[in-house]
Amino acid sequence: GAGAVEHVANWGNDDTTFDDAYFLGGLPWETSDRYHSEGAIYQLNKVRTPTHIVAGADDIRVAVLEDYLLDRALHELNVPSDLLIFPGEGHELAKNPWHGKIKVREELKWLTKYGGVTGTN
18 GAGAVEHVAN WGNDDTTFDD AYFLGGLPWE TSDRYHSEGA IYQLNKVRTP
68 THIVAGADDI RVAVLEDYLL DRALHELNVP SDLLIFPGEG HELAKNPWHG
118 KIKVREELKW LTKYGGVTGT N
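In my numbering, the protein residues as written are 18 to 138.
Hints should not be assumed to be uniformly reliable.
With a Cα cut of at most 20 Å, we get these calculated SDA-like pairs of lysine to any residue [unchecked claim]:
#, residue 1, residue 2
1, K130, D99
2, K126, P97
3, K118, V134
4, K118, P104
5, K120, A74
6, K130, A80
7, K112, D75
8, K118, L101
9, K63, L86
10, K112, R78
11, K130, P114
12, K120, P104
13, K126, P114
14, K118, H69
15, K118, R51
16, K112, R122
17, K112, I70
18, K120, R51
19, K130, T66
20, K118, D99
21, K120, D75
22, K120, G132
23, K112, P97
24, K130, L101
25, K112, K63
26, K63, R51
27, K120, E109
28, K118, L128
29, K126, D99
30, K126, H69
31, K112, I102
32, K130, S98
33, K126, K112
34, K130, I70
35, K120, V81
36, K130, T68
37, K112, D32
38, K118, T135
Just so you know, the hints here were simulated from the structure itself, not pulled from any lab data.
As the structure is a computational prediction, the values presented were derived from the model and not from experiment.
Build the full structure now, drawing on both the sequences and the hints.
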């Protein structure tokens with residue numbers, strides 16, 4: 018799924034900006050320590066699990082920029098990752114049925130390679 022990794026970016030770019038402020042106790046400049054301590058981007062050095070990231074290029078819930086951040090960070094950490102971005106899609110990949118098929122196909126390939134799943138062909 019989408020990789021929301023940085024709360025300030027999410028607060029400023031998504032269509033539900035109220036939830037970040039609510040869950041983090043205020044606006045970014047009011048509780049910057051919470052935005053930082055709760056942001057996944059600042060904890061990624063702990064990640065070792067190969068990660069498959071799927072995003073819609075036009076996602077207004079989690080901006081595609083965050084998916085690029087996640088993929089870049091994992092690459093820098095030498096964690097296997099794959100970033101699959103669907104043009105014209107939003108958060109739910111609902112515009113083109115082929116995108117759903119491609120998503121599942123790529124997930125099965127990923128699970129075969131990294132998850133010990135067999136018989137997915």
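Worksheet item: Which hint numbers doesn't this structure obey?
Response: 6, 11, 15, 18, 23, 25, 33
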